[in-house]
Amino acid sequence: MKTRKNIIYSLFIIISFTPYLYLFYDFKKVKFSVDNLVGFYPIYGFFACVGLIIFAKLLGLLLKKDEDFYD
Amino acid sequence: MIDFLSYPVSYLVLGAVAIFLKPKFANTIGMLSIISSMLCLLIVSDSQILNYKIMSFNNVFYQISDLSFLFCIVFLIIGLFGKIFSFYRENSNEKGYVLLYIASALGVVLSGDFLTLYVFWEIMAITSTFVIWSTRNQLSLNSGNRYIILHLIGGLILLIGLIGLYGQTYDLTIREISLNTWYSWFILIGLLLNAGAPPFSQWIPDAYPEGSYSSSVFLSAYTTKTSVYVLIVTFAGNTILIYIGIYMILYGIVYALLENDIRRILSYSIVNQVGFMIVGIGIGTELAINGTSAHAFSHIIYKGLLLMSAGSVLYVTGKRKCTDVGGLYKTMPITAACGIIGAFAISAFPFTSGFISKSMIVESSYIEGLEIIWYFLLIGSAGVFLHAGIKFPWFVFFHRDKKLKATDPPIFMIIPMVSLSFICIIVGIFPNLLYALLPYSVDYVPYTGNHIVSQLHLLLFSGLAFFMALKYLERTLTITLDIDYLYRRNYALLRLMLSRIVSYFLSLREIFRYTKIDKKLYLIEHTLLNQSSISIMLSIITVVIILVFLLNV
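Top line first, the protein sequences correspond to chains A and B.
FYI, in this note's numbering the residues of the first sequence are 54 to 124.
FYI, in this note's numbering the residues of the second sequence are 2 to 554.
Among the clues, some could well be false.
As the list claims (entries may be wrong) - Capping the alpha-carbon separation at 27 Å, the derived lysine-lysine pairs in DSSO-like fashion look like this:
#1 118(A) with 403(B)
#2 472(B) with 117(A)
#3 331(B) with 117(A)
#4 58(A) with 322(B)
#5 58(A) with 331(B)
#6 331(B) with 118(A)
#7 404(B) with 58(A)
#8 320(B) with 117(A)
#9 472(B) with 110(A)
Stated by the list, open to error - If you want a taste of the chain A side facing chain B, the calculated C-beta under 7 Å gives, among others:
#10 58
#11 60
#12 61
#13 62
#14 64
#15 66
#16 68
#17 72
#18 73
#19 81
#20 101
#21 103
#22 109
#23 111
#24 121
#25 123
Read the hints as simulated data drawn from the structure, not as lab findings.
These numbers come from a predicted model, not from an experiment.
All residues carry an ideal CB built from backbone N, CA and C; glycine is no exception.
The shape of chain B in the complex, shown without the other chains (with noise of 0.2 Å):
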């Protein structure tokens, strides 16, 4: 019993429990059990280990080192936040969701060993996907049904390299794993599908803003950043992800550019970021590594801001799409200028958190010596602001005035996006408070003449850019195809191979004068290939690929 109550998880599928027997009380529970976990992590700091051996496995629920600390105390302070944003939500089924979709997040922080973390992960994808789920619209439930296939194959995937793992060391506590075995690649790529990392970056612009104004900003923090976690224990210091995060750096950008969604935007933006954080874990020194925590940090903060300053758009007028809305400064000012100071934060303006974090992932390049990648890195900066720290405040409340009519939101709406943009800026004047929290001891001054004046020269004369190429960059009516093509136009790659297989029964129809074949074909295609026959099928046979790998050992 004391075991349990000294586990921060605990309140949390407590709390969620009690929303969903007494949904009245949503917000206070809520509330109530996100502050109580947090009392709890901070009073039980020491590392107390919780464990229970479950069928011959040592499972370690409760293993608590600084980088953990740090990624749970941020999962709650958004949590917190969050929970106030979506006061006025009045889904009180998505508040329970997203408390154990909370939970879960924290329960892979905290575990110590790959079994817990591996349960708590797909956990996470199924919580995530019934948030997805609650805006109860269509877009949103096709896009959760592809969100949790995908996420459902990636699992699979973490599965199999974790059975190759166990198999072959007979030891699953989580540790630095080197990428010189077939199950390391596994593991490697189950984990950076979470990430978001290509090709499958495009989940995150699918699903995220799919879900309600309130939801998407929970969506947003947890399930890349619990794989930047993992892969900060497992696989620092691999220069494969030092491309990778390249990579993502610039699709993010690109594709963000290209885009009319309002918080498709700022999913796309995840990607780049995020995409920065990988590139600080291939790099793997000290200093990188402490970079990426305390980027993982400030990206947590100012894009939930970011979203909640959408979110408040969405919530007050309506509309999702930049070509919808316009001039919205004169009628929600707080809004915009909290929106304002999180665009600042994303592009990593001097006195901001974005600043004191991203820089110190540029600098590890830099002293490691890694000319190109810094290169890239510059790029990527300069491009956060073009497509985040711009784009998104300049064409949701400046650019043409749609003469919409808006206010600023409730209250409970603007009390955690002010508080938020306090945190970036106190963060951004005062480093040292989140430089504490961090792994390793830091010895790196972000505020001097060199950093500063670099990123004011990079960040004005790209908004000079923005400014002058403002003609090319008008929004339009559109979508961008992506990796979603193969599976979403009427799932083509399934066509394809489907009409491989057609012609082929239709050259044996032309054999057998067979005559019904073409209605079987149309059954197999409306009930075998859909989307939730294809999820059932992958959960089948994940059970069945655990219960033969519990019953072999």
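Chain A extracted, bound-state conformation (with noise of 0.2 Å):
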């Protein structure tokens, strides 16, 4: 599990150098409302993912079977 805490540490600080892309990033040629605030891109991708392996967990409760199940 050691490189588990080093990926989380070097994407952290990747992510921190995450904030100056928004140099390259147009506000002015947006559409929609949400897409005009800092840091939009990256709550909404951790929360959908966050959001959708807790559904996955939760169906799983109900759905997995072992592997023998059809056997």
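Each of the two chains sits in its own frame; use the hints to bring them together as a complex.
Below you can see the structure in the form of structure tokens.
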């Protein structure tokens, strides 16, 4: 599990640079109200994934069966 | 004879026949026939039409447009690399069936009327079943049975729709069909079943992973994408397709997160990716159709690449589950690198082929002002990275090192993987190479600051979510129930119906005191209601309907 921690740390380092990406972002070209907001894409991406994982876990409680279920 | 030589399908059929006659030279014949078919397609590119009048129908075998040319060329490219990849596969019959399968898929794409399309459509269902059966074990036999039953039913529904179409309009040329008649719904359902639409999305992860390590590359490419092609031509711009596509996107992600089998994860992500294409067809603007065709192209390439790297792992280690492998990047570095490139391409990282094609579909929803759809597509984009972009390479090549003895696969399996990785990256860096092949003219620029920044933000933070939730994503030795429960769990649905009938008969028995009914019911259950006899019955029904149809007309 050491690798996992290392990866999370390195991801945090990479992510700490992501705000600078907004230098390349043109806020005049946006169309919907949300993509005007700073940090919409990161927050949306993060919580979309968390939501998907939680939903998958809940569904798994219902639908997961042993591998030899159909045998 | 000239006609025959100018028809790309004929070379593949000839090649298949030659392989069945001379199985020793299966590899050479297979590659030669695909290359000659490709040359034929490139040389005879002007819209020459092969027309034959068969039984009062005008059958148009060869009608090429920009769209069908794109699909044909990508079918042949992946066919060629798949052929090289299957060099070491010893089952030569499989190689012949694969050629027939490619031929029928090309036949569907090139056909100019619905009757020809239907015939090739059914041949495609049958040949792909033989490809699955060629693995030659009990699992592939069973799943092939389920596969062909579902596809024959789908073909039957399509046929009913086509009969309705002919009965109402006396015109079978392939054209746009509006959804205001009963038969158009039958046609749509028949086509969508092959695309893996709900509720029967399940056949893709059921059947494709049961192919051999090499044949699942072919299986992933043709059936769903021919269906996407026909849907573009016939049903572009129908809003219902958007919702079906959204469902498929989310379904693919959620089920892939629960899955343990490596190739089944990739099969779920086929459902997910085809979902993006179906959304594009549903939006139906020029940009969306361009995006759908481009996405079909790049999807076939990177999915082939991903399945090749999964196939290499299967070939070398013999393991097909995430729980059995791990830490393979040390022993299989080239396979791991290619798999990671494929995973980046599927999750649409900038400078890969997925980015330049998927962003067209997302952008078209943005331009059309479909705000809710756009939110869902963003969830989908983040989720693709979650289930295929990280999960597949992480659990296979990293994670816990299982200390498996492995090396990179032999040279003829490396070559196609490396070449496909190059295609993924080159198409990503020079998108105009692909955009030149698209059906409409493209004035779309993928590499703007907004696109790159938003995509990178989305992907990096979904990656963060993956590693923070890694504890909850540990693979377990389980399968996930789906709609197939109804016909797999000892034929649960049939059994339910049968038990009703049995109780009815038992009540009769009480009246008549007829003793041997139990034995007869046993016979019925084990002979009449098993899968092969159902499939035979379905084919008989199909033949009878065709005969009735033809004799009446």
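Structure-based check of each hint:
Our distance criterion of 27 Å between C-alpha atoms is met by residue 118(A) and residue 403(B), whose separation comes to about 25 Å. With a C-alpha separation of about 17 Å, the suggested pairing of residue 472(B) with residue 117(A) holds against the 27 Å cut-off. Pair hint residue 331(B) plus residue 117(A) does not hold up; C-alpha atoms about 32 Å apart against a cutoff of 27 Å. Between the alpha carbons of residue 58(A) and residue 322(B) the distance comes to roughly 24 Å, so the proposed pair stays at or under 27 Å and holds.
Taken as a hint, the residue 58(A) and residue 331(B) pair is honoured in the structure, with Cα atoms around 20 Å apart against an allowance of 27 Å. For the hint linking residue 331(B) to residue 118(A), the alpha-carbon distance of about 33 Å lies beyond 27 Å, and the restraint is violated. Restraint check for residue 404(B) and residue 58(A): satisfied, since their Cα atoms lie roughly 21 Å apart, inside the 27 Å limit. Taking the CA atoms of residue 320(B) and residue 117(A), the gap is near 21 Å; set against the 27 Å cutoff, the hint holds.
Note on residue 472(B) and residue 110(A): the hinted pairing holds, with a Cα-Cα distance of about 12 Å set against a maximum of 27 Å. Annotation: residue 58(A) was flagged as interfacial toward chain B, and the flag is violated, the nearest CB pair being 9 Å apart, outside 7 Å. Taken as an interface hint, residue 60(A) checks out: its beta carbon lies about 5 Å from the nearest beta carbon of chain B, inside 7 Å. Because the closest C-beta pair between residue 61(A) and chain B is about 5 Å apart, less than 7 Å, the hint holds.
Restraint check, residue 62(A) versus chain B: the minimum CB separation of about 10 Å is more than 7 Å; hint violated. Because the beta carbon of residue 64(A) sits about 5 Å from the nearest beta carbon in chain B, less than 7 Å, this interface hint is met. A least Cβ separation of about 11 Å between residue 66(A) and chain B goes past the 7 Å threshold, and the interface hint is therefore violated. For residue 68(A), the interface hint holds, the least distance from its beta-carbon to any beta-carbon of chain B being 6 Å, beneath 7 Å.
With its C-beta approaching chain B no nearer than about 10 Å, residue 72(A) sits outside the 7 Å limit, and its interface hint is violated. Hint on residue 73(A) is violated. Least Cβ distance to chain B is approximately 10 Å, over the 7 Å limit. For residue 81(A), the suggested interface contact is broken, since its CB lies about 10 Å from the closest CB of chain B, more than 7 Å. A distance limit of 7 Å between C-beta atoms decides the matter here; for residue 101(A) the minimum to chain B is near 4 Å, and the interface restraint holds.
With a cut of 7 Å, the hint placing residue 103(A) at the interface with chain B holds, because the nearest CB-to-CB distance is about 5 Å. Interface hint at residue 109(A): satisfied, since its Cβ lies 4 Å from the closest Cβ of chain B, which is below the 7 Å cut-off. Given hint, residue 111(A) at the interface with chain B, is violated; its Cβ is 10 Å from that chain's nearest Cβ, farther than 7 Å. Hint on residue 121(A) is violated. Least Cβ distance to chain B is approximately 9 Å, over the 7 Å limit.
Interface hint status for residue 123(A): upheld, as the beta-carbon distance to the closest one in chain B is roughly 5 Å, under 7 Å.
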